[in-house]
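K.L.:
In order, the protein sequence lines correspond to chains A and B. Just so you know, we're using our numbering here: the first sequence kicks off at 32 and counts up by one. Just so you know, we're using our numbering here: the second sequence kicks off at 18 and counts up by one.
Don't read these hints as lab results, they were simulated from the structure. Fair warning: there could be bad hints in the mix.
Said to hold, decoys possible - Facing chain A, a subset of chain B residues (Cβ under 10 angstroms, in silico):
| hint | residue |
| --- | --- |
| 1 | Ala-22 |
| 2 | Leu-26 |
| 3 | Glu-36 |
| 4 | Tyr-58 |
| 5 | Asn-63 |
| 6 | Pro-67 |
| 7 | Ser-73 |
| 8 | Ala-77 |
Claimed, not checked - Non-contacting residues of chain A with respect to chain B, defined by C-beta distances greater than 12 angstroms in every case (computed):
| hint | residue |
| --- | --- |
| 9 | Met-74 |
| 10 | Leu-100 |
| 11 | Ile-125 |
| 12 | Ile-126 |
| 13 | Asn-198 |
| 14 | Ala-217 |
| 15 | Ser-250 |
| 16 | Gly-388 |
The C-beta atom is built at its ideal place from N, Cα and C for all residues, glycine as well.
Below, each chain spelled out in residue letters.
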Amino acid sequence: MESLVLALFICLVLALITKYLSIPAIPFYILAGVLLGKAGGGMLTTNEVSYFFSEMGLIFLLFFMGLGLKPERIASNRVAVLTSGIIDLNINMIIGFMAAYLLGFSLMESLIIASAFYISSTAMALTSLIENRKLMLRESDTVIWLMVFEDLVLIIFLAIISAGNQNLVFFLIKILAVLGVLYALAHYGKEFLISILDRDDELPILFTFAAVLITASFSLYLGVPETMMVIALGVAFATTDPDAFEQHARPFKDVFLVVFFVFFGVTVDFSGGANWFVIGAISLLAVVSKLISGLLTGIFIHGSALSGLEIWANTIARGEFSIALAVIYGSPVVGTTIAAMVIVTSIVGSFIAKYSGILRRGIVNHGRHRALMRRSH
Amino acid sequence: MSAMALRSLNLPGVGTKYEFETDKGDTVAIFFTKTGSIQMYTLQKNCHTPSAAEMSPVEARRLGNILTGAIIEADQESVEIAFSALADLRITIHTFFVTSAVVGKTIEDLQIRAKTGATVIAVYRHDRNIINPPPTFVFEKGDAALVIGESDQIKKFEREIMVN
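Pulled out of the complex, with its shape left as it was, chain A reads as follows (with noise of 0.2 angstroms):
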């Protein structure tokens, strides 16, 4: 219990700090478990206190995800939001898988990394357009929607990953069918779902947390793992009122999740058998495989690489997704890798988040410059 306690108030103070100082808070919540855990003297160990909160951390995170996903978010322009997701999709896992392959991990082991490598940080991104002011600018528009994208390729990728030995056919129907119970349930019962949604008691929370409880509890009977139950009862409820239910969600994914990541910190060990120049050459590829997949979405729809420049800005960081991937599936070695990539792509993308503009305008004056030069020659 106190390990929980000293977890919550470290985070409280850290949540302070970045807030203030508006700079993501995932990775210093990260290192602070880093810092107190195995690496730095063992103040902060995992218990079952803090294995259930965790949990609850990575199932609300899905839970959101779920809701995120309203049906009547098809967008309009399909054919933009679909070219810069397969040019994202595909420059970085590939990418992300060959650089793993290469430096030594297992075939399985290299498909997580590559994923996790892969999934940009959606609250980062987000919260990045937002404080930087960049709502406007064309490229968030592209920005946002890969984002949807990207999510809906994690929960496939989780689909196929978590089916375990099992028949990939078989387990994919039983997701569905799942689906369709929970897509039934909340169409028939909408109205009461509503009705409860609307109360201002204690019910509508209640409901909210013991719904998502109940449905991952179902996982055990199922064979369904609790990821998929949660994020397809999210998919369900999307169709009812996902405002509500975001909104009464909303304390417990937060505390829940940084919970999350603190004790996800303290599994990380960097100090036993950590090869710095894997997880370094990981942790720069991500920075970079980013600007490639970027610059080419730019070119493709913007027409310009300096857009592309904008999308990779906003896109750089590693955060929430990798590391639920990295806890659900990866060895100590490949949460360590995750770790230290989530940790550096964050930063460096919050920082580049914020000078993008700087740095557009200083390409663009050198290109003139150089322009220039050339004319008077």
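Given chain A, work out where chain B should sit, using these hints.
P.N.:
Then chain B, alone, in the frame of chain A:
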């Protein structure tokens, strides 16, 4: 009017965007973000970098009041509502901080309705609102009065009742 076409767009995870281009080719975009803040961007024609302002909901409403053309002063505000179905009836609601001229007097003494046509519909006093004050209501120092009427009546109220 085609240039005024207002586009609204739902941005997943961010909020709602409203955008329109003015006749002169400038663009204004408003974002209601999920964090509760409101961001307004303006982009001048032929310019590439928009400028932005972030507002709280209260500030945004204030800006809205200014833009609708209602009278507004430093710490007083007013809202004008136009009913286009009723021969373009325009009703203004304005807040006034009471001046020494009215302190200690009742609404009846001041003959507010007879002199100006405007009506005091609420008074804010010590963090409380007194709705529909009776004619015998006595103004105190520090009160803020909410007055409703047509724009001319409100101006008359300001000139004749709130004189210093």
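K.L.:
So, for every hint listed, does it hold in this structure?
P.N.:
Okay, the hints, checked on the actual structure:
| no. | hint | verdict |
| --- | --- | --- |
| 1 | Ala-22 | violated (15 angstroms) |
| 2 | Leu-26 | holds (8 angstroms) |
| 3 | Glu-36 | holds (8 angstroms) |
| 4 | Tyr-58 | holds (4 angstroms) |
| 5 | Asn-63 | violated (15 angstroms) |
| 6 | Pro-67 | holds (5 angstroms) |
| 7 | Ser-73 | violated (14 angstroms) |
| 8 | Ala-77 | violated (15 angstroms) |
| 9 | Met-74 | holds (33 angstroms) |
| 10 | Leu-100 | violated (8 angstroms) |
| 11 | Ile-125 | holds (26 angstroms) |
| 12 | Ile-126 | holds (26 angstroms) |
| 13 | Asn-198 | holds (34 angstroms) |
| 14 | Ala-217 | holds (19 angstroms) |
| 15 | Ser-250 | holds (26 angstroms) |
| 16 | Gly-388 | violated (7 angstroms) |
Hint violations for this structure: numbers 1, 5, 7, 8, 10 and 16, all remaining hints satisfied.
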